[in-house]
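Taken in sequence, the protein lines are chains A and B. For the first sequence, my numbering assigns the number 1 to the initial residue and increments by one for each residue that follows. For the second sequence, my numbering assigns the number 1 to the initial residue and increments by one for each residue that follows.
It is possible that part of the hints are untrue.
Said to hold, decoys possible - Sample of chain B residues lacking proximity to chain A, with all beta carbon distances greater than 10 Å (derived):
hint, residue
1, Gly53
2, Ala109
3, Ala142
4, Leu160
5, Arg172
6, Ala281
7, Pro282
8, Glu303
Stated by the list, open to error - Some, not all, of what chain A presents toward chain B, calculated at C-beta under 10 Å:
hint, residue
9, Phe97
10, Leu99
11, Met105
12, Ala109
13, Asp131
14, Val138
15, Val153
16, Leu160
17, Ser165
Said to hold, decoys possible - Computed, partial: chain B to chain A, Cβ under 10 Å:
hint, residue
18, Gly33
19, Val127
20, Gly130
21, Leu240
22, Ala247
23, Val248
24, Thr249
25, Val253
26, Leu284
27, Thr344
Quick caveat, the hints were computed from the structure, so don't treat them as lab data. Beta carbons are placed, not taken as given, at the ideal position from N, Cα and C, and that holds for glycine.
There are 2 protein chains.
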Amino acid sequence: MPRAARRPAPAAPAVLERARELTRPALAEAVGGLHPWIAEMAAYGLGWADPAGTPDPGGSEGKGVRQALAVLGAEAVGADARDAVPGAVAVELVHTFSLLHDDIMDADALRRQRPAVWKAYGTGPAVLAGDALHAQAVSVLAEAPGRHTGAAVRHLCGTLNALVSGQAEDLRFEQRPWHGPGAVAPEEYRAMAERKTGSLLGCALALGAVLGGAPERTVTALDRAGRHLGLAFQAVDDILGIWGDPAVTGKPVHADLRRSKKTYPVLVALAGGGETARALAPLLSSSRPVDAASAELVAALVEESGGRAATRDEARRHLDTARRALRDTPLAHPAARELDALFTYLLDRTW
Amino acid sequence: MPRAARRPAPAAPAVLERARELTRPALAEAVGGLHPWIAEMAAYGLGWADPAGTPDPGGSEGKGVRQALAVLGAEAVGADARDAVPGAVAVELVHTFSLLHDDIMDADALRRQRPAVWKAYGTGPAVLAGDALHAQAVSVLAEAPGRHTGAAVRHLCGTLNALVSGQAEDLRFEQRPWHGPGAVAPEEYRAMAERKTGSLLGCALALGAVLGGAPERTVTALDRAGRHLGLAFQAVDDILGIWGDPAVTGKPVHADLRRSKKTYPVLVALAGGGETARALAPLLSSSRPVDAASAELVAALVEESGGRAATRDEARRHLDTARRALRDTPLAHPAARELDALFTYLLDRTW
């Protein structure tokens, strides 16, 4: 991302590390409180251990974006970072639960370049481990001390409903035609992505603020910032899913096209209705599996018809909106600056 | 059950019907608030509709035991039945969620003599529908008005953790040997059944009492009564799983034996260590699938070694303990009498 490259944000990795250190003991306690077999699957899903239970210190763990947003959300409203910890644990557990179950639903065999939990342990056990993480997420938050627990739990519940509903839309899109009546409009895709990806990032920031005792107006603004961050993130993911370097993404070239996944670049290209869109439609609607050659052709046509550029614009627009939502809200420093740096850093991938 | 047969409890079906009528609008609203596709799967899972979405008024709906326990829990502590409704909705949604996911994990293709949700809609969609019901259950309770919401949510969270942990144990039992070191002891089976079956029945009663503002002592007593009811229920189910009449149970003859399911009658027979137990062990441990003839032989040996009688005793003992827990707690009438009648009625099956 050119702008990010010109303006490095050296603080962001340190912010992620600080949030991880602050959250880790409570997160480990929440996982340790599960049935031992489920705790083993959870540790694998979190990238803490390999399937034999051996600690895996390198590489497989996520960045912990959600816990960092929760911590910064509390600090940005002038509260102590420790107030955010139950919220940080809850959003990390919900994220892990949703990865476990989404990988089953999407038949994704790989996650962070390792076998997905359902591949490593079986579908039934992965369903169960996801359920346990889901339950534990709510439990940790419901048991949090302080006056704001009820509001925090209600916020998380709304997010869980949104996540599920977004995933339902995403699965239903697979059944719909690529073009003609019933085709998925780019705006429908955006609404799905806001629920499926944006809502949990918004929730992370909002939970930090709620647990920090912020007024509703501030909570809403932070939630909105996180949602737009999520939309920007999804747009970048969609670009990388087609044009990403396999060595970097860990996915095959043209991965989303090979899987006939309906993503923003293709939908917006088709919605444009130009000549290239008319050439795209029959290629996508073919009942044959998408081979390497036709995936390459589809990628070229989507790019030629402006699908890639429109998705870049989409990502930039949502990142701008997210940063503006932060700027327009009275927030405490240095958390506000760290949030801005983190937002930029997270989108700073080669796309 | 001889005692129940001698003392009919005509009130119980009316109690179930009253609780259903009271709970149904809120339950329908909770289901209606889900994504339409998920709502369709939920309506099927609840026995309200067939897979085409056509209302199914007959036969497939559960008895609604859990909602009735929640309603009677509130009335038994002198509160208005309406106070219990969010709790009643929550436990029915949790029950439905757990059936959907357990059927996936146990590869059970039939539920109430219809295809299980995962058979009718696919595994991925059934995982998602279960997640949605799980989230909505907590949400309905967290949004309930009144001073007792936080305590109710915490109670439900504890139950969800117990349910998952019980299901984990049940799945792990499958991997353990039938006899020798590492065999599942009857007490381990009982602890699993208390979590998997007892905890939600206890929670239903407890939630009614919590939402009705009962003191902790009363909540604990009602929770305990429900847990023992669940253990009695599970013992009866285990008897019916081996010796039940297929025309009544809707399952094949010797169903649990054909599936090599570790249940109380067999575990207690093996733990007895007598001559018949020694004859049982090699039959059960064979790597060959259990055919009709060997299932019949196993059933006879389990009965001969006292497994069936011990399980009957187990059921009676837990029902007695459950009824005593009710009697020993100061509860309001007529709810206390209706609870006693309902407990007896629920165990009044031919076993």
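Now the hints, each set against the structure:
no.: 1; hint: Gly53; result: 15 Å, holds
no.: 2; hint: Ala109; result: 14 Å, holds
no.: 3; hint: Ala142; result: 5 Å, violated
no.: 4; hint: Leu160; result: 4 Å, violated
no.: 5; hint: Arg172; result: 6 Å, violated
no.: 6; hint: Ala281; result: 26 Å, holds
no.: 7; hint: Pro282; result: 28 Å, holds
no.: 8; hint: Glu303; result: 31 Å, holds
no.: 9; hint: Phe97; result: 8 Å, holds
no.: 10; hint: Leu99; result: 13 Å, violated
no.: 11; hint: Met105; result: 4 Å, holds
no.: 12; hint: Ala109; result: 14 Å, violated
no.: 13; hint: Asp131; result: 5 Å, holds
no.: 14; hint: Val138; result: 5 Å, holds
no.: 15; hint: Val153; result: 5 Å, holds
no.: 16; hint: Leu160; result: 4 Å, holds
no.: 17; hint: Ser165; result: 4 Å, holds
no.: 18; hint: Gly33; result: 8 Å, holds
no.: 19; hint: Val127; result: 5 Å, holds
no.: 20; hint: Gly130; result: 8 Å, holds
no.: 21; hint: Leu240; result: 24 Å, violated
no.: 22; hint: Ala247; result: 30 Å, violated
no.: 23; hint: Val248; result: 28 Å, violated
no.: 24; hint: Thr249; result: 23 Å, violated
no.: 25; hint: Val253; result: 26 Å, violated
no.: 26; hint: Leu284; result: 22 Å, violated
no.: 27; hint: Thr344; result: 32 Å, violated
Consistency note: the structure conflicts with the earlier hints numbered 3, 4, 5, 10, 12, 21, 22, 23, 24, 25, 26, 27.
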